[in-house]
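Peer 1: Sequence:
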Amino acid sequence: QPRNIVFFGETGAGKSSTINLIAGSGVANTNNDGGACTRVSACYEATIDNVAFKLWDTCGLSSETPVVIVVTNLERENNMDDWWEKNKSSLQRLGMEFDGHACITA
Numbered sequence: 001q002p003r004n005i006v007f008f009g010e011t012g013a014g015k016s017s018t019i020n021l022i023a024g025s026g027v028a029n030t031n032n033d034g035g036a037c038t039r040v041s042a043c044y045e046a047t048i049d050n051v052a053f054k055l056w057d058t059c060g061l062s063s064e065t066p067v068v069i070v071v072t073n074l075e076r077e078n079n080m081d082d083w084w085e086k087n088k089s090s091l092q093r094l095g096m097e098f099d100g101h102a103c104i105t106a
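Residue numbers are given in full-length UniProt numbering: position 27 of the sequence shown equals residue 27, and the series is strictly consecutive.
Think of the hints as simulated: they come from the structure by calculation, not from any bench.
You can trust all of the hints, since none of them are fake.
Cβ pair distances, simulated, as ranges: (1) G12 <-> N73: 29 to 37 Å; (2) R3 <-> Q92: 15 to 23 Å; (3) I69 <-> T30: 20 to 28 Å; (4) S41 <-> G95: 18 to 26 Å; (5) E75 <-> D33: 39 to 47 Å; (6) P2 <-> I104: 12 to 20 Å; (7) I69 <-> P2: 16 to 24 Å.
Glycine is no exception: its CB is placed at the ideal position from the N, C-alpha and C atoms.
Given these sequences and hints, build the entire structure.
Peer 2: Laid out in structure tokens, this is it:
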């Protein structure tokens, strides 16, 4: 099962360029003027150290757009919300701030 990585950011922030860097090739359209080049979300596949990834490129957001995180694959957790409490500070140390969260199973 591939791991999903979703790229969010303002228009012209470099989401598509970052995907190209990770993928090792120019799979995502880019431009150098800082304008929008991703008009609809797109998925690009990459394999890194024998691990499959799906890299999701999203349309640029305006500033102050709220972002929430949905954490899946928590079937082995006794209490899914405990996962968030255990890991929230690690995400914050990495500069990831969310306006909300949901811990779910399929």
